[in-house]
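Q: As a plain string of letters, each chain reads:
There are 2 protein chains.
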Amino acid sequence: MNIAVAQSGGPTCAINASLAGVFSAGAKSEEIGIVYGSLNGIEGILEERLVDMSEYIKSDEDIRLLVRTPSAALGSCRRKLPEYEADKSVYEKITEVFRKYDIGMFFYIGGNDSMDTVAKLSKYYAENGIDIKVIGVPKTIDNDLCETDHCPGFGSAAKYVAATVQEITRDSNVYSAPSVTVIETMGRHAGWLTAAAACLKRNGESAPHLIYLPEIDFSAEKFIDDVKNEMQKHKAVIAVVSEGVKTADGKFAAEAYQSAKTDAFGHAYLSGVGKYLENLVSEKIGCKVRSIELNVMQRCSSHIASETDITESQAIGAAAVEAALKGETGCMMIFKRVSDNPYSMEIAAVPASLTANNEKFFPKEWINSECNGVTEEAIDYVMPLIQGELMPVMENGMVKHFII
Amino acid sequence: MNIAVAQSGGPTCAINASLAGVFSAGAKSEEIGIVYGSLNGIEGILEERLVDMSEYIKSDEDIRLLVRTPSAALGSCRRKLPEYEADKSVYEKITEVFRKYDIGMFFYIGGNDSMDTVAKLSKYYAENGIDIKVIGVPKTIDNDLCETDHCPGFGSAAKYVAATVQEITRDSNVYSAPSVTVIETMGRHAGWLTAAAACLKRNGESAPHLIYLPEIDFSAEKFIDDVKNEMQKHKAVIAVVSEGVKTADGKFAAEAYQSAKTDAFGHAYLSGVGKYLENLVSEKIGCKVRSIELNVMQRCSSHIASETDITESQAIGAAAVEAALKGETGCMMIFKRVSDNPYSMEIAAVPASLTANNEKFFPKEWINSECNGVTEEAIDYVMPLIQGELMPVMENGMVKHFII
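Sequence lines, in order, name chains A and B.
Take 0 as the starting number for the first sequence in numbering that gives the first Met the number 0 and just add one per residue.
Take 0 as the starting number for the second sequence in numbering that gives the first Met the number 0 and just add one per residue.
Since the hints were made in silico from the structure, they are not lab data.
Ideal placement from N, C-alpha and C gives every residue a C-beta, glycine not left out.
Label pairs and their computed distance ranges (CB to CB):
1. P177(B) with N127(A): 35 to 43 Å
2. P177(B) with S28(A): 34 to 42 Å
3. E369(A) with N202(B): 41 to 49 Å
4. D101(A) with K221(B): 50 to 58 Å
Just chain A, with the same shape it has in the complex (with noise of 0.2 Å):
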């Protein structure tokens, strides 16, 4: 029996680790063969793009360096299944490609679109008695997704947030000029990455003042007032924003600027939250202010990645191939919280049906009582997951990087 693996979605620092994982324990394993990567996601199978993993993994040397390169060594994709009551063309296609590759078991790395993949593919394995093992293994920067206590990819994006905002610091505090700099970080819907920069308070930096995250509505008027209260006690703000803030009326909060707004083209300007609320401060205080976009170097700088995530994310791959060769399907495997302190964790599975298609929010039990900044046990959560530093593979002094 030979197995295939595939990635979708967004890419982040550690869904190769994951990669790694199933492959290594596909390699180990007596009962598989040949560990098939596909290309572009569940595409790759609907279009027969398969690699053989072991003409391009070698070696622990080839291991390592696919285990510390960002992104998806694969490739990605965003395409859902249909409802197999709909189009069970797909379903037929996929399952003639794993039968032509005799692929038993196949593993999906991704978000909750992904696992909706999973569910959908094994309940119809289920209902038509095909023995194909079908699992997944979480991934996303933007930790949101249920079930498991975190996700691989959140720790990595969380550490450069907190070592990104700490160099902005930094670099923010060298005039005498007050001034005020607005972070906005990804996350979509969840505040989870923009609160891990909380975690700087365990340094000793006072920064961030202010956070934002989307499970509060945003008011401009709370941000203007909430900034001009720090600039009392700081000379330099430094607030950070999720991209996912919304208003009451459950907008995004640069949306009403944005419409008001055209290109040169005659386009809706599509500007972040950054900058929307680096004009809302130069125009309602004045004072120097600017705005920076930790865009997708939030997700791909693999050169500053956790250990715990990128360790954690290897076992959780190679943990779903040990679940499926005792027979576990259709489900997405989980981290389980032990402990904080010391930290402990364990990998489970779950139904993938409890998480496809759904968001887990940060708590807002975590969120000050002024709703800009988090608790401290929102830090304690993210403390563990951003512990440990791997150093990158360097040649000539740059990163080095696995390629298919």
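Add chain B to chain A, keeping to what the hints say.
A: For chain B alone, kept in the frame of chain A given last:
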């Protein structure tokens, strides 16, 4: 005799290494008593905001921490001295403070504005028979100071740019759909930092596919043609563009675009060239496109600093003290490259007046004939400067910084 040191201009990853070099050489010399740090550049002298550096640096571990901390530990300023013929009072005030603290040597770590201060102040002392030595230590990520082979701070910024463009390249290649990524880099009017992205070719990367420097007139039409051409060859086209690119009429490339736009408050919207080109590609080509501004992370990401840069920056700070002890004044310390491979470098001194208010541009002969890339000579120049890694000092999974 005591000495004073100050930092000025935009911060870098290496300006604290030069500070450490000045401190260590001062502490080591039997002729020198206290090493004073002036807060916020020359402002700290004028306002008598001086700190005894030995109160903050008590061990080799403190030196190590200072060397690996980004930004300017003493703070910075953007203040130029008036011509002393026009206003002697500032010069007299500075001298009064130097005398009060028995300061016989002043070291100014900064860019071309700071070298203007060094030139003016030393000229004033020479013409008035005052024996206070004034020496400039260069720094700028823009690498645009004349006379020196390269500037402290540039190598680390270049290493960050190379590493980050490489990681963004991985991130850009995950989807099967064609895409364009525009990366906006700093460098003001000089293309050095932007050109550094080309080092990736030495690691076998095809990216960046297009590079635009301010030394060449920018044409939007040519840019779109170039992108279309590269899209024939590469699925994910990566273009790196300097913030300072200008059109043939001398205007910043994004200027015309910006002047047509105002934000919700009626202000001209100041987007960068990256956002402008993103919109241009969207309009003219219609493919998936995004822009990424590397922003201040280019100058503050000490966690991926170049060991060569940091080591040299520390050495040039120490060399400034040694030069002053030998009687030099009114000069800026420089790097002289002896050879590229193996890389070999010497430190010397030139009159600060040669570098004050001057800019060194990227050589046009190092730009390719299509004006959208750089030559092997340019890569040969940058490569030695990005070599070597320095692990940051870590604490609790975060970077530890030196703070005054």
